[in-house]
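Participant: Using the sequences and the hints, build the whole thing.
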Amino acid sequence: MSEITIGAVERAVRATTTTVLRNEQYFSDLDGVAGDGDFGASLSAGFRVVDKDFAELDKSSIGALLLKISMIITRNVGGCSGPIWGTGFMRAAMLSKEKTSVTLAELEEMLTAAIDGIQQRGGAKLGDKTLLDALIPVRDTVKEHAASGTADTAIVLSDATAAAEEAIEHTKDMVARRGRQSFTGDRSIGSLDPGIVAIATILQDLCTEFGVSRAAKAA
Amino acid sequence: MSEITIGAVERAVRATTTTVLRNEQYFSDLDGVAGDGDFGASLSAGFRVVDKDFAELDKSSIGALLLKISMIITRNVGGCSGPIWGTGFMRAAMLSKEKTSVTLAELEEMLTAAIDGIQQRGGAKLGDKTLLDALIPVRDTVKEHAASGTADTAIVLSDATAAAEEAIEHTKDMVARRGRQSFTGDRSIGSLDPGIVAIATILQDLCTEFGVSRAAKAA
Amino acid sequence: MKKFVNAPINFVSEMLEGLVLANPDTLKYVPEFNMIQRVDRPANGKVSIIQGSGSGHEPAHVMAVGPGMLDASAPGQVFAAPPVDACYECIKAMNSDKGVLALVNNYQGDRMNWDMAIEMAQAEGINVKQFIIDDDVAVQDSTHTVGRRGVAGNFFVIKACGAAAERGASLDELLALCEKVNGQVRTMGVALTSCTPPIKGKPIFEIGDDEMEVGVGIHGEPGRRRDKIKPADAIVDEIFDAVVRDLPFQSGDRVALMINGLGGTPISELYILYRRAAERCKEAGFTIVRNYVGEYCTSIEMAGASLTLLRLDGELEDLLAAPAEIPIRVF
Amino acid sequence: MKKFVNAPINFVSEMLEGLVLANPDTLKYVPEFNMIQRVDRPANGKVSIIQGSGSGHEPAHVMAVGPGMLDASAPGQVFAAPPVDACYECIKAMNSDKGVLALVNNYQGDRMNWDMAIEMAQAEGINVKQFIIDDDVAVQDSTHTVGRRGVAGNFFVIKACGAAAERGASLDELLALCEKVNGQVRTMGVALTSCTPPIKGKPIFEIGDDEMEVGVGIHGEPGRRRDKIKPADAIVDEIFDAVVRDLPFQSGDRVALMINGLGGTPISELYILYRRAAERCKEAGFTIVRNYVGEYCTSIEMAGASLTLLRLDGELEDLLAAPAEIPIRVF
Ligand SMILES: Nc1ncnc2c1ncn2[C@@H]1O[C@H](COP(=O)(O)OP(=O)(O)O)[C@@H](O)[C@H]1O
Ligand SMILES: Nc1ncnc2c1ncn2[C@@H]1O[C@H](COP(=O)(O)OP(=O)(O)O)[C@@H](O)[C@H]1O
Ligand SMILES: [Mg+2]
Ligand SMILES: [Mg+2]
Ligand SMILES: [Mg+2]
Ligand SMILES: [Mg+2]
Chain W
1 MSEITIGAVE
11 RAVRATTTTV
21 LRNEQYFSDL
31 DGVAGDGDFG
41 ASLSAGFRVV
51 DKDFAELDKS
61 SIGALLLKIS
71 MIITRNVGGC
81 SGPIWGTGFM
91 RAAMLSKEKT
101 SVTLAELEEM
111 LTAAIDGIQQ
121 RGGAKLGDKT
131 LLDALIPVRD
141 TVKEHAASGT
151 ADTAIVLSDA
161 TAAAEEAIEH
171 TKDMVARRGR
181 QSFTGDRSIG
191 SLDPGIVAIA
201 TILQDLCTEF
211 GVSRAAKAA
Chain R
1001 MSEITIGAVE
1011 RAVRATTTTV
1021 LRNEQYFSDL
1031 DGVAGDGDFG
1041 ASLSAGFRVV
1051 DKDFAELDKS
1061 SIGALLLKIS
1071 MIITRNVGGC
1081 SGPIWGTGFM
1091 RAAMLSKEKT
1101 SVTLAELEEM
1111 LTAAIDGIQQ
1121 RGGAKLGDKT
1131 LLDALIPVRD
1141 TVKEHAASGT
1151 ADTAIVLSDA
1161 TAAAEEAIEH
1171 TKDMVARRGR
1181 QSFTGDRSIG
1191 SLDPGIVAIA
1201 TILQDLCTEF
1211 GVSRAAKAA
Chain D
2001 MKKFVNAPIN
2011 FVSEMLEGLV
2021 LANPDTLKYV
2031 PEFNMIQRVD
2041 RPANGKVSII
2051 QGSGSGHEPA
2061 HVMAVGPGML
2071 DASAPGQVFA
2081 APPVDACYEC
2091 IKAMNSDKGV
2101 LALVNNYQGD
2111 RMNWDMAIEM
2121 AQAEGINVKQ
2131 FIIDDDVAVQ
2141 DSTHTVGRRG
2151 VAGNFFVIKA
2161 CGAAAERGAS
2171 LDELLALCEK
2181 VNGQVRTMGV
2191 ALTSCTPPIK
2201 GKPIFEIGDD
2211 EMEVGVGIHG
2221 EPGRRRDKIK
2231 PADAIVDEIF
2241 DAVVRDLPFQ
2251 SGDRVALMIN
2261 GLGGTPISEL
2271 YILYRRAAER
2281 CKEAGFTIVR
2291 NYVGEYCTSI
2301 EMAGASLTLL
2311 RLDGELEDLL
2321 AAPAEIPIRV
2331 F
Chain X
3001 MKKFVNAPIN
3011 FVSEMLEGLV
3021 LANPDTLKYV
3031 PEFNMIQRVD
3041 RPANGKVSII
3051 QGSGSGHEPA
3061 HVMAVGPGML
3071 DASAPGQVFA
3081 APPVDACYEC
3091 IKAMNSDKGV
3101 LALVNNYQGD
3111 RMNWDMAIEM
3121 AQAEGINVKQ
3131 FIIDDDVAVQ
3141 DSTHTVGRRG
3151 VAGNFFVIKA
3161 CGAAAERGAS
3171 LDELLALCEK
3181 VNGQVRTMGV
3191 ALTSCTPPIK
3201 GKPIFEIGDD
3211 EMEVGVGIHG
3221 EPGRRRDKIK
3231 PADAIVDEIF
3241 DAVVRDLPFQ
3251 SGDRVALMIN
3261 GLGGTPISEL
3271 YILYRRAAER
3281 CKEAGFTIVR
3291 NYVGEYCTSI
3301 EMAGASLTLL
3311 RLDGELEDLL
3321 AAPAEIPIRV
3331 F
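If you're matching them up, the sequences are chains W, R, D and X in order. Per our numbering, residue 1 is the first one in the first sequence, and the count goes up by one each step. Per our numbering, residue 1001 is the first one in the second sequence, and the count goes up by one each step. Per our numbering, residue 2001 is the first one in the third sequence, and the count goes up by one each step. Per our numbering, residue 3001 is the first one in the fourth sequence, and the count goes up by one each step.
Read the hints as simulated data drawn from the structure, not as lab findings. Wrong hints could be hidden among the right ones.
Said to hold, decoys possible - The list that follows gives simulated cross-link-like pairs (lysine-lysine, DSS-like), each with its CA atoms no further than 30 angstroms apart:
1. X/K3202 to W/K52
2. R/K1052 to D/K2230
3. W/K172 to X/K3202
4. D/K2202 to X/K3098
5. X/K3202 to D/K2230
6. D/K2228 to X/K3046
7. X/K3002 to X/K3230
8. D/K2028 to D/K2098
9. W/K97 to W/K172
10. D/K2282 to X/K3002
11. R/K1068 to D/K2092
12. D/K2028 to X/K3228
13. R/K1052 to D/K2092
14. W/K97 to X/K3092
15. D/K2202 to D/K2129
16. D/K2046 to D/K2129
17. X/K3092 to D/K2002
18. X/K3002 to D/K2228
19. D/K2282 to X/K3092
20. W/K68 to X/K3098
21. D/K2202 to X/K3228
22. W/K68 to X/K3092
23. X/K3098 to X/K3129
24. R/K1097 to D/K2092
25. R/K1068 to D/K2129
26. X/K3228 to D/K2002
27. D/K2002 to X/K3282
28. X/K3230 to D/K2230
29. X/K3180 to X/K3098
30. R/K1052 to D/K2028
31. X/K3129 to D/K2202
32. D/K2202 to R/K1172
33. X/K3202 to D/K2002
34. W/K125 to X/K3129
35. D/K2202 to X/K3002
36. W/K52 to X/K3228
37. W/K97 to W/K68
38. X/K3092 to W/K52
39. R/K1125 to D/K2129
40. D/K2002 to X/K3028
Facilitator: In structure tokens form, the structure reads like this:
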């Protein structure tokens, strides 16, 4: 199956919610190293509502669900994360409005739309040490698999997760250029970007949720 | 000689000034244990002026000199120490107005006048853990020697010093009932009263100044 | 020591220099006696109101000199009462045909210096009287001390007397007014941290990271007890109860409620405390006629707060509502 | 954590509840959007002025709602910009026939949330514009950040716009005024201690007992450098020079001078800083037309201060002198 169904999106949203809430303190602590220590609290303020309201959310299409998530985030999340995550979910929703399943190619378009939206919103580029440094390689991985016609989404998820994980280490010694971290300038060198870690952690937990083995990569 | 001359009083005032200024930090630190840590600074604010202006002070009589000291203190010393020390010197001055020397009996009267003045001013009694707990035994010692007709003032000074020293240990485990220390209630138990220590330290240094041996007592 | 300070010994004089530089048209500084006075006082036909206590409680008391408040102030060193001569010169400088009222906070040092100064001034025929403020309910057993401390309630005595004096009250009328305000005002404070007088250079007391001092004095004097830090509401509940029980305040009372910051606590937290205190007033049946949230009487940079309740009547409500000005500009 | 707080997550909402309890006649609190507004706003015939930034800077910005100042404020969590919806609802609630002006401090989070909210409101036909405030000279190399931070100079933009709006200025006139004030105001701060957002529960940064952070941001962002604490006058000299050089201010300038406390520094020390700053102004040939000493824009309980200079002209002097009120009562 190279289609992602609304059912899978629902499971992914729930798993993401669990990941965000469980890591609230950890994400905030990461943000505390070079930023202002509120990333976990901010993101959780949104996903706590997602969690509470999940049963009532419109699940008539992938786009409808993602739009709701976007609205909950814009309503409840402040700081940089509200506009960034809200814009990302919103743009992905626009491309999946009436759909109850999407192809890998369509998923890649949704990710690209999200990335473009985030870039327009916050002006960050690849290498600015933001969550874009995880999202862009993830999108590129999906794109490759869509082009090569990979049939097993498990492989796609596994590779995407690896791409996000690599971003953590890859950006560690970069200077943050956006958000609160950017004011610390050189002092941000050596610290992990909490947004990148969050993307990687979410993907890792999605692997667990969908029973995707990552043994090969870990070796 | 059982007379104390104006020359001796001058030397005593200079020695006291040196003692106070040299122990500024120590006296403040002592006050910091159960009080507000300003005793050394307060007292020094007065004796620094005594030191600077000493050459010009009226030394026509013991009383004239002590009155000047009193005025310098009331002008420059705040907190409890200003009124306490200012009143003490003032009362002693009143009884030695025109005198260029005083007998031991007269010295005892001056001390008694100072003690009475301080008690009227601040309402403290013996046992309230204030400098009166040093001054009163010192006065009593002088009184005994005056009564028994001791000729050598060195012995008087040595015994008076011993009386003040005893007051330090004697009052250590009492509860302070006056000044800032009194608010700490039971927490003042075990701490030394800075006013008592100051009186004892001044007397010790007067012994040195006048070459009074204290070996006998120390043994 | 985490302070903006040059030579610690000059802390007070430099603060006062800054204060007059910021208020050149209205205040005068007399460095010989560390005195700050209104340029247009004394004025005959009005009792002069003065106060001089230790510094370190700003805006009390030296930043309370202004129309409808104090006419002059003679602050001492940080936490030290002003010397006798400073008090005496302040009285003399503010002498008016209607007399001078010295508002003295109940501390041994303040009292002794003002006693002597007032005796000296009276001996010269100056019509000066003093009133002793002692609103701190934390001090329970006062048989062995000079009694209760004067703390943030001090503001209300100044404000009421300042207004009444501007309206021409006599010295005796003002003394009666002091009696009334002081008789109906009660305060208790809590410290979360210690404070460091610049000359001492070290904190007045040690306190654990998770501890608070309930009933602290404004010089860091110990309070009723040391305890673990509790939630804000629980802290308010305790000091509110202590304050209410002491007078006691009663259902139906009209009150002024003050949450006073001790210097290091941000105003955000003071409003969190106010929230609970206002709830408690409502439950207790008190009507809050006026409220005050901010810094009125501090302990240098101590993190902490105090709660003050004043029982009002028509006269006091009127006096508290009268216009007044202090030299701290907001706009 | 040495704070008066109940559940840290409720820090901001409880502060706002306290604020309206203390100002029941003049302020309204809309908990859904954490909004504080004047009860008598919006009013047609007057541009509404609003601001919403992270909390923890009180009295900025939520305690600047009042006549001649802000009409409403939508504060976020401590140090976090308010969510898009809060900004949007605040715009909508304050919509008036003359339009709405959002004063936005230059931080990535504030800008993104306000950008989105303004797009949404404009799409609905609301006449809203924004102005970005960035007065912090500490940020020198801004090519890699979103630029300079908006700090205490913010007060002057609010005050000038607030006064002009009361006098009937149009939205475009106000934007020009913002441009002028922001173009002529410069600030730099120094921290002696860190600060602790209640939810984080730990200090934003570590700093040695004898260290200061020169050029600190109001969220504890690092400044130009870490140094040993210097005497107060030397600290003033450094930040004064940095501020003056940046515009640059010139001999003959008429200025407003602000010494702003960052939350944990007592007002006594602010006057010590003011003293030196006033001396430096005199030496530099600046005339201090208005001065401000106190807390205007804080970093929770950080010990520290900032110095702001604003170059004045007749128009600004007039606007700064206009009456204004904020919900923090002194009397
Ligand atoms: N301009 C931006 N574009 C994309 N992501 C950003 C941008 N600014 C910040 N981020 C991401 O947001 C994270 C911080 O989020 P958060 O702590 O909520 O924001 P704030 O900086 O306002 O406190 C960073 O780790 C980074 O990954
Ligand atoms: N009422 C009093 N009578 C006599 N001595 C007193 C009295 N109160 C305080 N003292 C003495 O003064 C000392 C403290 O002086 P100081 O620190 O200058 O005063 P303060 O308590 O105002 O800070 C005490 O150690 C005590 O010996
Ligand atoms: Mg953050
Ligand atoms: Mg003392
Ligand atoms: Mg003292
Ligand atoms: Mg933030």
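Participant: All hints are to be evaluated individually against the structure, with a verdict given for each.
Facilitator: So, going through the hints one by one against the coordinates:
1. A hinted pair counts as satisfied when its Cα atoms are at most 30 angstroms apart, and X/K3202 with W/K52 qualifies at roughly 29 angstroms.
2. Of the supplied pair hints, the one linking R/K1052 and D/K2230 is violated, its CA atoms being roughly 53 angstroms apart against a limit of 30 angstroms.
3. A threshold of 30 angstroms between alpha carbons decides the hint, and for W/K172 with X/K3202 the separation of about 23 angstroms falls inside it, so the pair holds.
4. Between D/K2202 and X/K3098, the direct Cα distance comes to roughly 57 angstroms. Violation of the 30 angstroms bound is thereby established for this hinted pair.
5. Under the criterion of a C-alpha separation no larger than 30 angstroms, the hint pairing X/K3202 with D/K2230 is consistent with the structure, at around 17 angstroms.
6. Of the pairs offered as hints, the one joining D/K2228 and X/K3046 is violated, with about 51 angstroms between alpha carbons and a cut-off of 30 angstroms exceeded.
7. Using a Cα cut-off of 30 angstroms, the hinted pair X/K3002 and X/K3230 holds, with the two alpha carbons roughly 26 angstroms apart.
8. Simply put, D/K2028 and D/K2098 have alpha-carbon atoms about 22 angstroms apart, close enough for the 30 angstroms limit, and the pair holds.
9. Our distance criterion of 30 angstroms between C-alpha atoms is broken by W/K97 and W/K172, whose separation comes to about 37 angstroms.
10. With a C-alpha separation of about 28 angstroms, the suggested pair D/K2282 and X/K3002 falls inside the 30 angstroms cut-off, and the hint holds.
11. Of the supplied pair hints, the one linking R/K1068 and D/K2092 holds, its CA atoms being roughly 22 angstroms apart against a limit of 30 angstroms.
12. With a CA separation close to 35 angstroms, the supplied pair D/K2028 and X/K3228 exceeds the 30 angstroms bound.
13. Only pairs whose Cα atoms come within 30 angstroms are accepted, and R/K1052 paired with D/K2092 is accepted, the gap being roughly 28 angstroms.
14. At roughly 28 angstroms between alpha-carbon atoms, W/K97 and X/K3092 fall within 30 angstroms of each other, so this suggested pair holds.
15. Between the alpha carbons of D/K2202 and D/K2129 the distance comes to roughly 37 angstroms, so the proposed pair goes past 30 angstroms and is violated.
16. Proposed proximity of D/K2046 and D/K2129 is supported: the alpha carbons are some 14 angstroms apart, at most 30 angstroms.
17. A hinted pair counts as satisfied when its Cα atoms are at most 30 angstroms apart, and X/K3092 with D/K2002 does not qualify at roughly 45 angstroms.
18. Pair hint X/K3002 plus D/K2228 holds up; C-alpha atoms about 11 angstroms apart against a cutoff of 30 angstroms.
19. This hinted pair does not check out: D/K2282 and X/K3092 have alpha carbons roughly 34 angstroms apart, beyond 30 angstroms.
20. For the suggested pair W/K68 and X/K3098, the alpha carbons sit about 34 angstroms apart, so the restraint of at most 30 angstroms is broken.
21. Our distance criterion of 30 angstroms between C-alpha atoms is met by D/K2202 and X/K3228, whose separation comes to about 18 angstroms.
22. The suggested pairing of W/K68 with X/K3092 holds, with an alpha-carbon distance near 22 angstroms, which does not exceed 30 angstroms.
23. The hinted pair formed by X/K3098 and X/K3129 meets the criterion: a straight-line CA distance of about 11 angstroms does not exceed 30 angstroms.
24. Between R/K1097 and D/K2092, the direct Cα distance comes to roughly 28 angstroms. Compliance with the 30 angstroms bound is thereby established for this hinted pair.
25. For the hint linking R/K1068 to D/K2129, the alpha-carbon distance of about 28 angstroms falls within 30 angstroms, and the restraint holds.
26. Of the supplied pair hints, the one linking X/K3228 and D/K2002 holds, its CA atoms being roughly 11 angstroms apart against a limit of 30 angstroms.
27. Between D/K2002 and X/K3282 the CA atoms are separated by roughly 28 angstroms; this keeps the pair inside 30 angstroms, and the hint holds.
28. Distance check on the hinted pair: X/K3230 and D/K2230 sit about 37 angstroms apart at the alpha-carbon level, beyond 30 angstroms; violated.
29. Restraint check for X/K3180 and X/K3098: the C-alpha separation of about 21 angstroms stays at or below 30 angstroms, so the hint holds.
30. For the hint linking R/K1052 to D/K2028, the alpha-carbon distance of about 29 angstroms falls within 30 angstroms, and the restraint holds.
31. The hinted pair formed by X/K3129 and D/K2202 fails the criterion: a straight-line CA distance of about 51 angstroms is larger than 30 angstroms.
32. Proposed proximity of D/K2202 and R/K1172 is supported: the alpha carbons are some 23 angstroms apart, at most 30 angstroms.
33. With a C-alpha separation of about 19 angstroms, the suggested pairing of X/K3202 with D/K2002 holds against the 30 angstroms cut-off.
34. Restraint check: the Cα-Cα separation between W/K125 and X/K3129 comes to about 27 angstroms, which is no more than 30 angstroms; the hinted pair holds.
35. Pair hint D/K2202 plus X/K3002 holds up; C-alpha atoms about 19 angstroms apart against a cutoff of 30 angstroms.
36. The hinted pair formed by W/K52 and X/K3228 fails the criterion: a straight-line CA distance of about 50 angstroms is larger than 30 angstroms.
37. Restraint check: the Cα-Cα separation between W/K97 and W/K68 comes to about 12 angstroms, which is no more than 30 angstroms; the hinted pair holds.
38. Between X/K3092 and W/K52 the alpha-carbon distance is near 28 angstroms, which keeps this suggested pair within the 30 angstroms criterion.
39. Distance check on the hinted pair: R/K1125 and D/K2129 sit about 27 angstroms apart at the alpha-carbon level, within 30 angstroms; holds.
40. Using a Cα cut-off of 30 angstroms, the hinted pair D/K2002 and X/K3028 is violated, with the two alpha carbons roughly 39 angstroms apart.
Comparing the model with each earlier hint shows violations of hints 2, 4, 6, 9, 12, 15, 17, 19, 20, 28, 31, 36 and 40; every other hint is respected.
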